[in-house]
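K.L.:
Chains as they are written, first to last, in our numbering: chain F, 1 to 270; chain S, 1 to 199.
If you're looking for bench data, these hints aren't it; they were derived computationally from the structure. Keep in mind that a hint or two might mislead.
[What the hints assert, rightly or not] Listed next, the in silico EDC-like pairs over lysine to aspartate or glutamate satisfying Cα-Cα at most 20 Å (straight line):
{"#": "1", "chain 1": "S", "residue 1": "190", "chain 2": "F", "residue 2": "4"}
{"#": "2", "chain 1": "S", "residue 1": "154", "chain 2": "F", "residue 2": "8"}
{"#": "3", "chain 1": "F", "residue 1": "64", "chain 2": "S", "residue 2": "61"}
{"#": "4", "chain 1": "F", "residue 1": "246", "chain 2": "F", "residue 2": "202"}
{"#": "5", "chain 1": "S", "residue 1": "190", "chain 2": "S", "residue 2": "168"}
{"#": "6", "chain 1": "S", "residue 1": "154", "chain 2": "F", "residue 2": "211"}
{"#": "7", "chain 1": "F", "residue 1": "64", "chain 2": "F", "residue 2": "75"}
{"#": "8", "chain 1": "S", "residue 1": "190", "chain 2": "F", "residue 2": "3"}
{"#": "9", "chain 1": "S", "residue 1": "74", "chain 2": "F", "residue 2": "27"}
{"#": "10", "chain 1": "S", "residue 1": "74", "chain 2": "F", "residue 2": "75"}
{"#": "11", "chain 1": "F", "residue 1": "64", "chain 2": "S", "residue 2": "40"}
{"#": "12", "chain 1": "S", "residue 1": "96", "chain 2": "S", "residue 2": "66"}
{"#": "13", "chain 1": "F", "residue 1": "64", "chain 2": "S", "residue 2": "168"}
{"#": "14", "chain 1": "S", "residue 1": "154", "chain 2": "S", "residue 2": "175"}
{"#": "15", "chain 1": "F", "residue 1": "64", "chain 2": "S", "residue 2": "56"}
{"#": "16", "chain 1": "S", "residue 1": "190", "chain 2": "F", "residue 2": "7"}
{"#": "17", "chain 1": "F", "residue 1": "254", "chain 2": "F", "residue 2": "238"}
{"#": "18", "chain 1": "F", "residue 1": "175", "chain 2": "F", "residue 2": "226"}
{"#": "19", "chain 1": "F", "residue 1": "254", "chain 2": "S", "residue 2": "18"}
{"#": "20", "chain 1": "S", "residue 1": "44", "chain 2": "S", "residue 2": "29"}
{"#": "21", "chain 1": "F", "residue 1": "64", "chain 2": "S", "residue 2": "73"}
{"#": "22", "chain 1": "F", "residue 1": "263", "chain 2": "F", "residue 2": "172"}
{"#": "23", "chain 1": "S", "residue 1": "190", "chain 2": "S", "residue 2": "147"}
{"#": "24", "chain 1": "F", "residue 1": "254", "chain 2": "F", "residue 2": "75"}
{"#": "25", "chain 1": "S", "residue 1": "190", "chain 2": "S", "residue 2": "171"}
{"#": "26", "chain 1": "F", "residue 1": "239", "chain 2": "F", "residue 2": "202"}
{"#": "27", "chain 1": "F", "residue 1": "254", "chain 2": "F", "residue 2": "226"}
{"#": "28", "chain 1": "F", "residue 1": "175", "chain 2": "F", "residue 2": "129"}
{"#": "29", "chain 1": "F", "residue 1": "64", "chain 2": "S", "residue 2": "59"}
{"#": "30", "chain 1": "S", "residue 1": "96", "chain 2": "F", "residue 2": "70"}
{"#": "31", "chain 1": "F", "residue 1": "254", "chain 2": "S", "residue 2": "62"}
{"#": "32", "chain 1": "F", "residue 1": "64", "chain 2": "S", "residue 2": "62"}
{"#": "33", "chain 1": "F", "residue 1": "254", "chain 2": "S", "residue 2": "56"}
{"#": "34", "chain 1": "F", "residue 1": "64", "chain 2": "S", "residue 2": "175"}
{"#": "35", "chain 1": "S", "residue 1": "74", "chain 2": "S", "residue 2": "56"}
{"#": "36", "chain 1": "F", "residue 1": "236", "chain 2": "F", "residue 2": "70"}
{"#": "37", "chain 1": "S", "residue 1": "58", "chain 2": "S", "residue 2": "31"}
All figures in this text were calculated on a predicted structure; none of them were measured in a lab.
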Amino acid sequence: MMDERREELAGLYVLGALAPAEQAEFEAVLGRDPELQRLVAGLYAARDALAGAVLAAAPSPGLKQRILAELAARDQKVVPLPARETGRDFPAIWLPWALAAAALVLCVVLYQAESGLKAKVREQAARIEALNQMADALRSETNMLQQAVAVLRQTTKLADVRIALLNSLLEDSPKAVAVSLWDNQQQSGVFVVQNLKPLPTDRDYQLWVLDPQNPAPVSAGVFQVDPQGNVRLQFKPDKRINTAGKFAVTLEPKGGLPAPTLKNLVLMGG
Amino acid sequence: MVLFKVKMFGDENQTVVDQDVALLRSISEGDRGAFSRFYEQHCKLLFSIAFRILNDQKEAEDVLQEVFLQIWDKAGSYNPALGRPGSWAVTLTRNKAIDHIRAHERRSRLLESASTEILARAPGAATANEAVHGRADPELVSSAVAELPADQRKAIEMAFFSGLTQHEISESLNEPLGTIKARIRRGMLKLRERLEGVL
Numbered sequence: 001m002m003d004e005r006r007e008e009l010a011g012l013y014v015l016g017a018l019a020p021a022e023q024a025e026f027e028a029v030l031g032r033d034p035e036l037q038r039l040v041a042g043l044y045a046a047r048d049a050l051a052g053a054v055l056a057a058a059p060s061p062g063l064k065q066r067i068l069a070e071l072a073a074r075d076q077k078v079v080p081l082p083a084r085e086t087g088r089d090f091p092a093i094w095l096p097w098a099l100a101a102a103a104l105v106l107c108v109v110l111y112q113a114e115s116g117l118k119a120k121v122r123e124q125a126a127r128i129e130a131l132n133q134m135a136d137a138l139r140s141e142t143n144m145l146q147q148a149v150a151v152l153r154q155t156t157k158l159a160d161v162r163i164a165l166l167n168s169l170l171e172d173s174p175k176a177v178a179v180s181l182w183d184n185q186q187q188s189g190v191f192v193v194q195n196l197k198p199l200p201t202d203r204d205y206q207l208w209v210l211d212p213q214n215p216a217p218v219s220a221g222v223f224q225v226d227p228q229g230n231v232r233l234q235f236k237p238d239k240r241i242n243t244a245g246k247f248a249v250t251l252e253p254k255g256g257l258p259a260p261t262l263k264n265l266v267l268m269g270g
Numbered sequence: 001m002v003l004f005k006v007k008m009f010g011d012e013n014q015t016v017v018d019q020d021v022a023l024l025r026s027i028s029e030g031d032r033g034a035f036s037r038f039y040e041q042h043c044k045l046l047f048s049i050a051f052r053i054l055n056d057q058k059e060a061e062d063v064l065q066e067v068f069l070q071i072w073d074k075a076g077s078y079n080p081a082l083g084r085p086g087s088w089a090v091t092l093t094r095n096k097a098i099d100h101i102r103a104h105e106r107r108s109r110l111l112e113s114a115s116t117e118i119l120a121r122a123p124g125a126a127t128a129n130e131a132v133h134g135r136a137d138p139e140l141v142s143s144a145v146a147e148l149p150a151d152q153r154k155a156i157e158m159a160f161f162s163g164l165t166q167h168e169i170s171e172s173l174n175e176p177l178g179t180i181k182a183r184i185r186r187g188m189l190k191l192r193e194r195l196e197g198v199l
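If we strip away everything but chain S, and leave its shape as in the complex, we get (with noise of 0.2 Å):
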């Protein structure tokens, strides 16, 4: 069951990934109408990551605006060798927000959200997967991200919803350099073995 569960979603992923790369090439020439889709398509999960890394609602809407901006721009210069669109815009999402607290300098405000735990959430209370893909297949990632071993989780959290670096990473934890590249090397290897065919 688990294992056609698996198969079905990975399927109906890579349909999703071709419709991103076609409004993508619709978008680098012009078309609103694909734009808007894409829009559609992908507000909801961008605006989660950035307001979890801003927790400000304004905040959070001005790097959207930018992102989908840059989108709009930089639609053509999309490389599907590197990455699928979705992708492509969670790091463009993460980046711009990351940039908009070190232009503020709220450097404190990173450090300060890195220590928190930040996939505690209340009973109940949806993710942004869900929110955006509905039941099943969040089920399927929640779990595999809730399995990660709470050291290498936080190390991949700090890293990416942070901002941190390896060498700031270390520093803050107050472990050596190497043992958080290897936390982080085992976590996303872990994720990725126990996600492959489903994303």
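For reference, chain F alone in the conformation it holds in the complex (with noise of 0.2 Å):
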């Protein structure tokens, strides 16, 4: 038999009218009950139908739409990077060779930036000799690259691949840097970013195509970088590109802008 007690924190919880503490302690009572488990059921379905009881009305026809596009600019910026990626809009076919070129130019910038902290920081040479290691080891790859990109360009796989490489206009990250992969006949590109300054949560970094015969930018999505600085993901632009011109990264508030920002441009090139 349930007492009045408990019979009152239980209408008093399925309408919402428990204080904080109230309600934490009732669930924390209501988890191991299962007599007042059933209760609640059953006042639940009293309170719904008393909500229901409300003069109906519709949301928009475009609502729907709206959430859903909201679920796909989500799934945009998720940017987990995979051992092995398949699928129609990115064909296995020059994904790793455009992922060798990709590596390719990073090679040549960080033996750049290797060189440049020399001559600079006399300080960090512990820094620069592990640069210098790693730069080795790059340099090592980068002739095996150029190898296999010259036998991959005698092959016309990546004739509709453009290659383009941004660099930071930050004061504050020089040594931002990215390389976009853009396939024209894909309509989509891989993008690659390393040495970025992470973002608050109401802050996203948007990538725009230019492409000349467009009069404004084309927005490619939004992204973040993880808490190194790096990122790669996929894109495919909003609109139909016909020449990618250049690209560039922009800092927007969360969810990107229509258009960008100009006085936050954060990366360009092409």
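Since each chain sits alone in its own frame, please combine them into the complex, following the hints.
P.N.:
See the structure below:
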């Protein structure tokens, strides 16, 4: 037999009228009391009936599409680094070569960065030494990749792939660098970033494609970087791109904007 | 006849609940089709509740959008032991709408709305239950709601639609706290008893 006190609490609970501390206390009891769970389930049904007795109103027909679009936009900024990728949007046939080419460009950039550091910052010799070792390792890989790219070019697999290097425009992140690999035929690409500053949760980086035949930059989605400042993502611009002239990254409010905030340019290149 | 109707709707509702539980499971695995079906199943009722609380089409749509994104994110944490999927979605909607009002510092609007007769409606106007379920089932529900004593219904509506705590309701109605608790308890139990087997 349920006592009145618990019935009172159960009624207030399903109506959301308990104070937070009371609610937590009630939920702790509810979790281990099947009889109370049955009472609450019945009261929920009664509450829903009451709630449904309001006048009927309907959301606008476009709301569902807006919600689905929001989910799609979230997907675009999910950027885990899988071991291997396959799929229609990014054919496996040239993906390994494209990634190899990206690594090649990054190797060169890292090597240049290392040389600059040597000249400027002698006190960081230990770190430079580490970079040297990495550069040596990358250099040997570079030779292999150069040969691979040469073979690939011969087979015209990369004929439609455009590789663009984006440099940092930020004084506080001079080492930030990115490479964009764009397949015009597939209208999709891969974007690889290193050493970009991580953002607070209310901001996003937004990628833009500058098409000489489009009057305005075309958004290619928003993204965040990991705590080390790195990210790799696949992107698909909002509109069809005729020629990918340049690529740019801006700093924008969460979710991005329809047009770039030019004063917040972070990376640019082509 | 009424008993037959009660049994019939009880079975139908159990099927709907089972379908909703399956949809939430699929949603938790990233199934957009299931999400779309769950939206179609519940959007009218949830929007009607949000609109009733906020009295603003755009704000109600904003709340509904937040609620469905929350459902997408948290479908895996839904616990069937603590109520039906529909009840869970109603709770999310009600709480989000009340939070929306509080976030915009419109406490006065809550109090103002608490003073209005919530279920008063023009003759012939459809309720959310009618819009969602059809004709017969909501008739039983509506009569059960309408037969609640006015003081009990008022206290229940102030708690649910206006987001007032039991203490705030007591102050607003200038009645002892114990009286408010008792009214809510009696009203909710009466409603549950009337609707047992239907919902």
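K.L.:
Evaluate each hint against the coordinates.
P.N.:
To see whether the hints hold, each was checked on the structure:
Distance check on the hinted pair: residue 190 of chain S and residue 4 of chain F sit about 14 Å apart at the alpha-carbon level, within 20 Å; holds. Note on residue 154 of chain S and residue 8 of chain F: the hinted pairing holds, with a Cα-Cα distance of about 16 Å set against a maximum of 20 Å. About 10 Å separates the Cα atoms of residue 64 of chain F and residue 61 of chain S, which keeps this hinted pair within 20 Å; it holds. Note on residue 246 of chain F and residue 202 of chain F: the hinted pairing is violated, with a Cα-Cα distance of about 27 Å set against a maximum of 20 Å.
Of the supplied pair hints, the one linking residue 190 of chain S and residue 168 of chain S is violated, its CA atoms being roughly 23 Å apart against a limit of 20 Å. Distance hint between residue 154 of chain S and residue 211 of chain F is unfulfilled; the C-alpha atoms sit about 62 Å from each other, more than 20 Å. For the suggested pair residue 64 of chain F and residue 75 of chain F, the alpha carbons sit about 17 Å apart, so the restraint of at most 20 Å is met. With a CA separation close to 16 Å, the supplied pair residue 190 of chain S and residue 3 of chain F stays within the 20 Å bound.
Of the pairs offered as hints, the one joining residue 74 of chain S and residue 27 of chain F holds, with about 18 Å between alpha carbons and a cut-off of 20 Å not exceeded. Of the pairs offered as hints, the one joining residue 74 of chain S and residue 75 of chain F holds, with about 16 Å between alpha carbons and a cut-off of 20 Å not exceeded. With a CA separation close to 9 Å, the supplied pair residue 64 of chain F and residue 40 of chain S stays within the 20 Å bound. At roughly 8 Å between alpha-carbon atoms, residue 96 of chain S and residue 66 of chain S fall within 20 Å of each other, so this suggested pair holds.
Proximity of residue 64 of chain F to residue 168 of chain S is assessed by CA-CA distance (about 36 Å); at most 20 Å being required, the pair is judged violated. Taking the CA atoms of residue 154 of chain S and residue 175 of chain S, the gap is near 13 Å; set against the 20 Å cutoff, the hint holds. Note on residue 64 of chain F and residue 56 of chain S: the hinted pairing holds, with a Cα-Cα distance of about 18 Å set against a maximum of 20 Å. For the given pair, residue 190 of chain S sits about 12 Å from residue 7 of chain F by alpha-carbon distance, which is consistent with the 20 Å threshold.
A threshold of 20 Å between alpha carbons decides the hint, and for residue 254 of chain F with residue 238 of chain F the separation of about 17 Å falls inside it, so the pair holds. Straight-line distance between C-alpha atoms of residue 175 of chain F and residue 226 of chain F comes to about 16 Å, which keeps the hinted pair within the 20 Å bound. The hinted pair formed by residue 254 of chain F and residue 18 of chain S fails the criterion: a straight-line CA distance of about 37 Å is larger than 20 Å. Taking the CA atoms of residue 44 of chain S and residue 29 of chain S, the gap is about 25 Å. The hint is violated against a cut of 20 Å.
Only pairs whose Cα atoms come within 20 Å are accepted, and residue 64 of chain F paired with residue 73 of chain S is accepted, the gap being roughly 16 Å. Among the hinted pairs, residue 263 of chain F with residue 172 of chain F is consistent with the structure: their alpha-carbon atoms are about 15 Å apart, no more than 20 Å. Our distance criterion of 20 Å between C-alpha atoms is met by residue 190 of chain S and residue 147 of chain S, whose separation comes to about 10 Å. Note on residue 254 of chain F and residue 75 of chain F: the hinted pairing holds, with a Cα-Cα distance of about 14 Å set against a maximum of 20 Å.
For the suggested pair residue 190 of chain S and residue 171 of chain S, the alpha carbons sit about 24 Å apart, so the restraint of at most 20 Å is broken. A hinted pair counts as satisfied when its Cα atoms are at most 20 Å apart, and residue 239 of chain F with residue 202 of chain F does not qualify at roughly 26 Å. Taking the CA atoms of residue 254 of chain F and residue 226 of chain F, the gap is about 16 Å. The hint holds against a cut of 20 Å. Pair hint residue 175 of chain F plus residue 129 of chain F holds up; C-alpha atoms about 17 Å apart against a cutoff of 20 Å.
Between residue 64 of chain F and residue 59 of chain S, the direct Cα distance comes to roughly 15 Å. Compliance with the 20 Å bound is thereby established for this hinted pair. Proximity of residue 96 of chain S to residue 70 of chain F is assessed by CA-CA distance (about 18 Å); at most 20 Å being required, the pair is judged to hold. For the hint linking residue 254 of chain F to residue 62 of chain S, the alpha-carbon distance of about 16 Å falls within 20 Å, and the restraint holds. For a cut-off of 20 Å, the pair hint linking residue 64 of chain F to residue 62 of chain S stands: about 11 Å separates their Cα positions.
This hinted pair does not check out: residue 254 of chain F and residue 56 of chain S have alpha carbons roughly 25 Å apart, beyond 20 Å. At roughly 44 Å between alpha-carbon atoms, residue 64 of chain F and residue 175 of chain S are farther apart than 20 Å, so this suggested pair is violated. A threshold of 20 Å between alpha carbons decides the hint, and for residue 74 of chain S with residue 56 of chain S the separation of about 26 Å lies outside it, so the pair is violated. Pair hint residue 236 of chain F plus residue 70 of chain F holds up; C-alpha atoms about 15 Å apart against a cutoff of 20 Å.
Under the criterion of a C-alpha separation no larger than 20 Å, the hint pairing residue 58 of chain S with residue 31 of chain S is inconsistent with the structure, at around 27 Å.
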